[in-house]
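Chemist: Please work from the sequences and hints to get the whole structure.
For reference, the chains in residue letters:
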Amino acid sequence: MTQDDNLIIDGHAYSSRLLVGTGKYKDFEETQKAIEASGAEIVTVAIRRTNIGQEKGEKNLLDYIPPDKYTLLPNTAGCYDADSAVRTCRLARELLDGHDLVKLEVLGDQKTLFPDIPATLVAAETLVKDGFKVMVYTTDDPIMAKRLEELGCIAVMPLAAPIGSGLGIRNPYNIRTIIENASVPILVDAGVGTASDAAIAMELGCDGVLMNTAIAEAKDPILMASAMKKGIEAGREAFRAGRMPRRAYASASSPIDGAFF
Amino acid sequence: MQVTINGELRNVSENLTIIDLLNEMKIDGKIAVEVNQEILPRSQFGDYHLKPGDTLEIVHAIGGG
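Chains as they are written, first to last, in the working numbering: chain A, 1 to 261; chain B, 1 to 65.
None of these hints come from the bench; they were simulated from the model. Errors might be hidden in some of the hints.
Lysine-lysine pairs mimicking DSS-like chemistry, simulated, CA-CA at most 25 Å apart [as the list claims (entries may be wrong)]:
hint	chain 1	residue 1	chain 2	residue 2
1	A	26	A	146
2	B	26	B	51
3	A	69	B	51
4	B	51	A	24
5	A	59	A	33
6	A	69	A	230
7	A	129	A	146
8	B	51	B	30
9	B	30	A	133
10	A	219	A	230
11	A	59	B	51
12	A	26	B	30
13	A	230	A	33
14	A	59	B	26
15	A	111	A	24
16	A	219	A	24
17	A	24	A	59
18	B	30	A	33
These figures come from a predicted structure and were not determined experimentally.
Modeler: Next comes the structure, spelled out in C-alpha cells:
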C-alpha cells in the first residue's frame with residue numbers, strides 16, 4: 001500500500017482505516033492488547049456516571065487507552081433522544097479537555113438499536129452549531145446519509161447490520177450508493193462479524209469500518225483484532241486495485257497459442 | 001442540605017465546593033461535571049458552591065462502541 005493512502009478525519013491523517021470500540025472486553029488489559037493488535041488509531045469510548053465513593057486510584061479506561069496515543073471518539077450510545085445525546089457530547093468535550101470529535105448515535109429502539117433518524121438530525125444540527133466535529137451513525141439510507149452530510153457532519157457512518165449482530169453487510173447496494181453520493185468519509189459502523197465482512201465493506205469503497213463486538217466477542221479477541229486489521233487492509237487494496245469484471249462463463253488463463261497437442 | 005448526585009439523593013454540608021465534594025466522595029481521575037444540566041468547567045470546581053436541590057452528574061469514560 002502506498003504511504004499516502006490515509007484516512008482523513010477532521011484534517012488529521014490516519015494510516016489505519018479500522019476504528020474500534022472498547023466495550024465488552026474481559027478487562028482493561030485485554031482491551032488494550034486487542035486495540036494494539038487492531039492497529040486502530042481512533043478508539044470509541046462511552047460516557048457514564050462514575051461510581052460514587054469509588055476506591056481512590058481505581059483503574060480508569062483512559063490509563064489504558066491514553067488520549068495522547070489514540071484519538072478518542074466519545075459516543076452517545078444509550079441515548080434515545082436528541083437532548084441526552086447533546087448533553088453527553090458536551091460532557092465528553094469537557095472530560096477530554098475540549099476535544100470536539102464525537103460519534104453521534106441516537107437510538108430508536110432497544111431491540112434493533114436502529115437509529116432514530118429525526119432525532120439524529122436534530123442532535124446533529126445542534127452539535128454542528130456548537131462546534132462539534134460529528135461522525136454520525138445512521139441507517140443505510142442514501143438520502144439520510146446525504147442529509148446528514150449537508151448538515152455539516154464530518155463523516156457519515158451507516159450500519160451494515162444491527163449493532164452487535166455480526167450479520168455482515170446486509171445491503172451492499174445501499175452502502176455503495178451512499179459512497180458514490182458522498183463528499184465526506186463514509187464508514188461502516190456496526191454489523192461486521194468477521195474479517196471478510198470488513199474486507200467486503202472496504203471493497204465497496206468505504207473509507208473505514210468501525211467495530212466493537214466482532215473483536216470483543218471473538219473467542220480470541222486479540223487474534224481477531226489482528227484478522228480485522230488484515231481484512232481492512234486487504235479490502236482497501238482490492239478496492240484501489242480495481243477488481244476484474246464478473247463473467248458468466250470461463251476465461252482460460254493459459255494461452256491456446258503454442259499448444260503442441 | 002440535599003442534592004442529587006448521579007441520580008442519588010445525598011446529604012451534604014452547606015456551601016460545599018465541587019472540589020470538596022469530589023474529595024469527600026474519593027473521586028479522582030478524569031471526570032466531567034454537569035450541574036443542573038449545564039457543564040461546569042473544571043476551572044470552576046473550586047468556585048462553585050452547591051445549593052440545596054442542585055442536581056449533579058459526574059461522568060467518566062468507560063468502554064463502549
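Chemist: Next, verify each hint and record whether it holds.
Modeler: Hints, one by one, checked against the model:
1. A:26 - A:146: Not satisfied, since the Cα-Cα distance of roughly 38 Å exceeds 25 Å.
2. B:26 - B:51: Distance ~21 Å between residue 26 of chain B and residue 51 of chain B Cα, so the pair holds.
3. A:69 - B:51: The given pair, whose Cα atoms are some 39 Å apart, is violated under the 25 Å limit.
4. B:51 - A:24: violated, 38 Å
5. A:59 - A:33: holds, 16 Å
6. A:69 - A:230: holds, 21 Å
7. A:129 - A:146: Holds. Residue 129 of chain A to residue 146 of chain A sits at ~18 Å (cutoff 25 Å).
8. B:51 - B:30: holds, 24 Å
9. B:30 - A:133: holds, 22 Å
10. A:219 - A:230: Given that 25 Å is the threshold and the Cα spacing comes to 18 Å, the pair holds.
11. A:59 - B:51: Judged against 25 Å, a Cα distance of about 31 Å means the pair is violated.
12. A:26 - B:30: It holds: about 22 Å lies between the C-alpha atoms, which stays within 25 Å.
13. A:230 - A:33: With a Cα-Cα distance of about 16 Å, the restraint between residue 230 of chain A and residue 33 of chain A holds, given a limit of 25 Å.
14. A:59 - B:26: Answer holds: residue 59 of chain A to residue 26 of chain B is near 13 Å, not above 25 Å.
15. A:111 - A:24: Holds: residue 111 of chain A and residue 24 of chain A sit about 18 Å apart, inside 25 Å.
16. A:219 - A:24: holds, 12 Å
17. A:24 - A:59: Holds: residue 24 of chain A and residue 59 of chain A sit about 16 Å apart, inside 25 Å.
18. B:30 - A:33: holds, 22 Å
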